[in-house]
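6 protein chains.
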Amino acid sequence: MVKIMYLSPVAHRAGHDDLFADMARDYKLPGTEVHVTSLPEGVGRFEHIEYRSFEGMVTAGIIRATRAAAREGFDALVIGCFYDTALAEAREVSGEMIVTAPCAASCEIAASLSNRFGVIVGRRKWVDQMQATVHALGHRDRLAGFYHVELGVTEFQADHDRTASRLLAAGRRAVEEDYAEALILGCTMEVGFYAEVERQLGVPVIDPSIAALKRAEYGALLKRDCGWKPSRKWSCEAPPEDEIARIGTFDDGPAFGGRIVVAAEDGRSST
Amino acid sequence: MVKIMYLSPVAHRAGHDDLFADMARDYKLPGTEVHVTSLPEGVGRFEHIEYRSFEGMVTAGIIRATRAAAREGFDALVIGCFYDTALAEAREVSGEMIVTAPCAASCEIAASLSNRFGVIVGRRKWVDQMQATVHALGHRDRLAGFYHVELGVTEFQADHDRTASRLLAAGRRAVEEDYAEALILGCTMEVGFYAEVERQLGVPVIDPSIAALKRAEYGALLKRDCGWKPSRKWSCEAPPEDEIARIGTFDDGPAFGGRIVVAAEDGRSST
Amino acid sequence: MVKIMYLSPVAHRAGHDDLFADMARDYKLPGTEVHVTSLPEGVGRFEHIEYRSFEGMVTAGIIRATRAAAREGFDALVIGCFYDTALAEAREVSGEMIVTAPCAASCEIAASLSNRFGVIVGRRKWVDQMQATVHALGHRDRLAGFYHVELGVTEFQADHDRTASRLLAAGRRAVEEDYAEALILGCTMEVGFYAEVERQLGVPVIDPSIAALKRAEYGALLKRDCGWKPSRKWSCEAPPEDEIARIGTFDDGPAFGGRIVVAAEDGRSST
Amino acid sequence: MVKIMYLSPVAHRAGHDDLFADMARDYKLPGTEVHVTSLPEGVGRFEHIEYRSFEGMVTAGIIRATRAAAREGFDALVIGCFYDTALAEAREVSGEMIVTAPCAASCEIAASLSNRFGVIVGRRKWVDQMQATVHALGHRDRLAGFYHVELGVTEFQADHDRTASRLLAAGRRAVEEDYAEALILGCTMEVGFYAEVERQLGVPVIDPSIAALKRAEYGALLKRDCGWKPSRKWSCEAPPEDEIARIGTFDDGPAFGGRIVVAAEDGRSST
Amino acid sequence: MVKIMYLSPVAHRAGHDDLFADMARDYKLPGTEVHVTSLPEGVGRFEHIEYRSFEGMVTAGIIRATRAAAREGFDALVIGCFYDTALAEAREVSGEMIVTAPCAASCEIAASLSNRFGVIVGRRKWVDQMQATVHALGHRDRLAGFYHVELGVTEFQADHDRTASRLLAAGRRAVEEDYAEALILGCTMEVGFYAEVERQLGVPVIDPSIAALKRAEYGALLKRDCGWKPSRKWSCEAPPEDEIARIGTFDDGPAFGGRIVVAAEDGRSST
Amino acid sequence: MVKIMYLSPVAHRAGHDDLFADMARDYKLPGTEVHVTSLPEGVGRFEHIEYRSFEGMVTAGIIRATRAAAREGFDALVIGCFYDTALAEAREVSGEMIVTAPCAASCEIAASLSNRFGVIVGRRKWVDQMQATVHALGHRDRLAGFYHVELGVTEFQADHDRTASRLLAAGRRAVEEDYAEALILGCTMEVGFYAEVERQLGVPVIDPSIAALKRAEYGALLKRDCGWKPSRKWSCEAPPEDEIARIGTFDDGPAFGGRIVVAAEDGRSST
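Residue numbers (UniProt numbering), protein chains in the order written: chain A, 1 to 271; chain B, 1 to 271; chain C, 1 to 271; chain D, 1 to 271; chain E, 1 to 271; chain F, 1 to 271.
Be aware that a few hints might be false.
It does not matter which identical chain is used: a pair holds within one copy or between any two.
Subject to a maximum C-alpha distance of 27 Å in a straight line, what follows is the list of computed BS3-like cross-link-like pairs (lysine-lysine) [stated by the list, open to error]:
id : residue 1 : residue 2
1  : K3        : K125
2  : K223      : K3
3  : K229      : K125
4  : K125      : K223
Read the hints as simulated data drawn from the structure, not as lab findings.
Everything numeric in this text was worked out from a predicted model, so none of it was measured.
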C-alpha cells in the first residue's frame, strides 16, 4: 500500500475537498490510500489563490502541511493548484516523501501523448506565471498556447453548461487555429470536464488533479519499489531540524483544515 | 491487468532478454504482464546500436515490432535503448498503445527528485546525440553533464567490478565537481548497478530500463483508468492502413527474435 | 570534375528521377557529373515519406545507398527529401563523401539573402518535425513561420495551376502578414515553381532540390580544392567495417532502384 | 524628497538593521529618506533565509510589510535579500510603490559596465535558485558563473579578514579563469567588502544592498518626475481590497520588527 | 553635480537639439548639467539613421564624440537613438565615462514595472534589428511584440494629432490583443507623446529619450557615489592611446555639430 | 565568369593584400576573377581592427567599398575579417551583389562536416563578440569553445613556427579536452596554417579567408545560375539613392586603398 496526501492550498471552508475525494476514489489504484486535505483557518479564508500574493500568503501553510504529512509517513503529497504553488519549498522539507503538483504532472503526460499541447485557463491574468512554469519545466517548444475562458477559479463549478461550452470553444481554438494535438485543463477546479471535451474534440485532454494524483502514486510506487527518494544534495539540502526548532513557526497550529480519507479498500471517511 | 512489451532493439542472439526479464519480474506491479522481446535475425546481428547508422538499420525492425505489439493488444511498449531509438516513428504507428523509452522516462524521474542531474554513459561518442535528446526533452538547465567511463555497450556486463568502480568514479565526479544532485545511468546495459552507486554516493541513481518499464506501466494505467491515449491529430496522424498495405514492407517477416513472458502473477516462460 | 549522387529516398517506381535529372542538368556546373537515383523495390513501394514511420522504413535503404555511393567514389550525396531524412545516419557511414540535404541547404541560402524567411509546405502534418529541424540548424530567430497549402507530396506535380496559385497565396501570406523577406519551398516535389513565385512576390524563393544539389557541388569542390572532408572524431566516428560485416545487413541487395547519369558534359543516360 | 523602505526579510533580532542603516546613510542622495526595517517576531526567528522553505515562511511577512509600506506612502521598497525573495508577490500588492531587490538591481548595473560578470555567493546550495533568477532576468549570456566561498549568511560579518580573503580568492578565480569582467557580491550580508575587492582586482564589484537601495531611489525618482508607476494590467492586476478584507490575514499583527529612520537630512533615529 | 552629454547621432542641422534640451531641462535632477549635442557636418547630413548603413556611416562620428566627451570630463553619455547605435563601440573608448542608450534604458524600466511590454515603432523595417537588441538585452520573454505605425523618424513631429492617434491605436493593439502590460515608444523622435498615451491606455508608457537621460544620470551618480565605473578587463579593454594616435582618424575634425547647455541650475545656453 | 571582391577592412599599407591574392589564386575556380582590395588611407592607418571601436571607425569605409564594388558589377564581396565587420550594413547597400564574411562562411562548413567545433583565436579579448556572432548565426549548440593563443592579429605572420605550435596546442586542447570534432581558425591572418594543423590533429580545420572566398564564389554562382539575389524586403530594404545623395558622404573619396586582380585565367596584376 502507498499513502498519498492531496492538499488543496485553500481554506477548508472553500469546500472543495469532496470534489477531490470523489476524484481520488474514482482514479486511484486499489492499493492506494488517499487523504484529501486543505488548509486550516489560520492561514486565511482563501477560496482560491489566483493572485501571486494569495499564493505567497498560503505558502507557510503549505510548508507546514508538507512537514506534517512527512511526519505522518505519507509516501507522496500533491499540492492541488495548477500554479504548482510552493512546489520547490515543499520539496525541500518533505524528507523522503515525494511531492508533485498538477502543472508538472499534466505536462509530462501531454508531452508523452502528443508533440504540441494547449492549456485552457480561467483568466488571462494567470498566463504569465503559468507560462513561465511550463517553460521552466522544459515544454516551451511543445506549447501551442494558453486559452482563457473568462472564468475565475470559483466559477468553474458554478454553471456546468457554461463551463463545458467555454472549455470546448477554447479547446477547439487551440486545436484548429494553433494546431494543438492535446489539451491540458489549467485549473484543478476544471475537474469533471475532461472526458466530455476529449470526446468532442478527439484529442487527449488532461485533467490536472487526476494527473497530479496519479503522478504522486507513480512516484510513491517508484520510491517503494525502486528506492528512488528525493535528493538531499546541494540545492536539495533540507534545513537542519534544530534550526527549524529555534525559528519556531514551522510547526505552529494545526496543519490541516479538514481531511477526508479514501481508504485503500476504496471506502471513505471524513474528519 | 495491463500488458507491456519491453523490446531490446538488438538481435535476440545478443542474449540480453534474460537480464531484462529478471528486471521486469523484480520491478513490475503484480497486475502487470511483461513480454521481453528483441529483434528478429533478419534485421541484422546487432549486439548493440552505439552508432547512428546502427540505429538507422534497426528502425524498420522497431516499427514492425511496434505494429505487431499494437495488434496483439499491448497497452504499452518500451524501446529499450537509452538513445530512445525511433521513439517518434514508433509512436506514430502505435495506435492506442503507449510507447516510451529509457532516456525520456529516466529524465522525468530525475527531474522530480532533484534540480540537477548527470548522466553516466559508456563512451564519449554517444554524448552529442544523447545531449540533444535531453535538451529536446526540456532538461537543458537541469543537466550537470555527461560522464563517460570508456566502456562499450557490450562491456558493462563483462566485468562487474570494473563496471561498478568506473560508474562510481564517474558519479563522484558528477556530484562533487559539477554539483549533480541525482544521476542517471545512460545505457540499459548498466542494469544491476544503480542501487550500489546510490548507496555509496547518497544521491538518487536512476536505472534506465527500470525507469522505462515503470513509465510504460504508468502510461498503461493512465490509459486504462483515465482514457489517455496517444493523440492522432496533426503531426501525430498515423499513416493510412491501405497505403501501408500498398507499400508492402511494413509487416514483412517475423516481428520479434524471441520472447520471454513475465506473467502478471510473476511467473515467467520463454518462446 | 566532381561526382554527385542525388538520391530520392522513395521507390524508383514513384517516377521522380526524370524531374530531378532535368533539374540537375539545368543547374549543375559544367564540370559536375550527377547520378540521379532512388531506392530499390525491396525497401518498399514508397511514393512519398510524409510520415515519420515511412522515413524510418526507408532509413536502412538510405544507409545502404550512402555506403554504395561512397564505394563508387562519389564526392557528395544529396538525400532528396526536405525532412533531411537520415542525414546524421548517412553522414556517419559516408567515409570521405560529403552528404547534404534540402532543408539544411535551403536555410543556409535563405539566411544569407535575408534576415527572416518562411517555408511553404504541403500539409500541416509536416510542420512539427520540420520546425524542429530548422531550429536545430540554428535558424529559430530567422523563421517567419511554416505555411501549408493542403497538398500532399504526390499532388504538387498533379495540377500545376493549382499548385502555383496555392504557393503564391501562401507566400503572399508569409511576406505580407508575417514579414518574411525570403521563402523556401519546403518539399522537393515543389520543383519547377520557384522562379514564378519569386517573380510575382519580389523576394528570393529557394527551391530545395536545386539548393541541395548546389550545396553538394559546393561541398565536393571544397573537398577537392581545400581538402575539407567529414570529421571522423568523437560523435562522427564511423562504425568499424569488420563489425558491419559481422552484422550482415548493411550491404544486402541492390542499393539503388534506378539511375540516370547527367554527365559532366551535360549529356544524360539511363540505367 | 522620496521615501524608501529597506526591508531585511529576517527577524529584527537578527540585528542587521544597523548595518543597512549605515549603508543607507552613506549612499543615498541628500533628498532621500530611508527607513530600515525587518520582520516582526511573529514571522519566526529567522536570522537568514538560505533555504527555500525559509523564504516561503517569511513570504507572508514580506507581503504584509509591502502593504504597510504602501499605505504609509513610501515611494519604493527594497526587499533586502539576494534571492529577491517574494519580489513578484510584493509587486502585486504594492499599489503605486516601486519594489525592487538586490539581484535584479545588481545585474542591471553589472550589465551596463561589462559584458560578462560573476557572482560570489556563500554556499553552493544557493546557486541553483539564484542562477535561475539571473537567467530569468535575462543575463544568461553575461553570466561567467557563481563562485561560492563556503560561508553561510551569518558568517560573512563574523571574521572580516577571513571573509575578505575568501571573496578575493573567489573573485580572482572568476576574473582569471572564467574571464569575468565585473563581479557581484551575491549576498546582502557581504556588505562592506566591495570597495576592497574592487581595488585589488581592478574590475567593478557591485554590492547588492547598495545597488538595491540606489535602484529603489532611481525608481522612486522616475515615478515622481516621469510618472512611471507599476502596471496594474493583466498579470500585474492587484487583488481586490474587499476580497483581501474577507480573507483576513493580510494585515494581521505588526508589519515590522524594528525601524531605523535615516532622514533626508542624513540624520538617523531608531524605533 | 554630475555632467551628462546627450548626443543625437544625426546632423546638427536636423534641428532636434532643441527638443531634447527641453526634455532634459524638464526631467533632469537639479544637480545635473546636460549638454545636448549632435554630429558635425562632416559625418554627413543625416536627418535620421533608419537604415543600418546610415548607422554605419555615423559610427565614426559617435566614437569621436564619445572620446571628446570623456576628455571634457562628462560623467555619462547618451547615444540618442533607439537602435542604441554604436553602444558597444562607444563604451570601449569612454574611459571612466558611463555610456547608455534609449532601448537598453527603456527596457530596464518597463521590465521593472510590468511582466510584458510592447514597443511602438515607426516602420516595420526597424523591427528585425530592434528585436535582436531587445533579445540580446535579455527581454525576449517579456516582449509582447513590436507595433509599427507607418511613420518615418522625421514624420513623428510633423503632425502631432496624426502621431498621437497612431501611437494610441498601436498601443491599444499591443495591450488588448497581445496582452502588453506596459509600452515603450521605440524612437526618440516620439518625444512628447508618452504622457497622453499613458493616460488613455492606463499602462506605463516609457519615453526612450527621457529613459536614457535618467539612466545616464543614475549611472553617473552610481559612479560618483559608489565608484562603479566601466570595466576595462577582457572584452572591455580599451585600445592603447599610442595606437590610436598612429592610426590618426580618431580625433579628426570637430566632434560635435552643436551644443545646448542645460545648466545644473536649470538655465540653458546655446553654442 | 563570376567576379568577386575580397576586401581587407584595414589600410592598404598594412600590406596583407599579397597574402590574400595568393590565397585567391590558389583556391578560386578557374572561371572566377578576384580583386583583392583594402581600405584607402583616409579611413585611418588601421593594421588590424581588434577593437570594437576600430571596427566602428572603418565601417564607413566598408560601406563605401561595398557601394563601389556593386557599381563595378561584382557578383560577390568578402569582408575579410573574422568579426564579420559591418556585414549587415554592407548587405543593405550591396544591391544585387552577394556579401559574405569569414565567420559565417567558416561556421557553415564546419557545421556540415562535424557536430561540434572549436574556434582558435588570437586574444581572449575577441571572444565575447565573436561568440555572440557564432550564437546569432545559430551554432550555439555546436560550439565547443574559443581557444586563444595570446597572439595579436599582426603577430600571426611574424614567427611562423611560434604560430604553428600555438595553433596546434590550442587545437589539441579543443579536440582532446572539449571534444571538438572540427576547428576553425578565427582570424584571417591565420592564413597558411590550416593544412598543417589538420594533418597533425586529424580533424577538419577551416581557414576563414578561404572559406569566405569560396562562399562568395558559391553565392555568386547561385545568383548567376539560379537567380538568387539579396532580398530587398522589410528589414533588407535599401536606402533611397536620392537620400544618399543628399547626405553626401557615402561616396566621398577613393573606395579602395589598393587592388590586386587575380584574373579568371589565373593571372595576376596589381594597381
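Comparing the hints with the structure gives:
1. K3 to K125: neither (35 Å within a copy, 30 Å between copies)
2. K223 to K3: Answer is both; intra-copy 12 Å and inter-copy 22 Å each pass.
3. K229 to K125: between (35 Å within a copy, 19 Å between copies)
4. K125 to K223: between (37 Å within a copy, 24 Å between copies)
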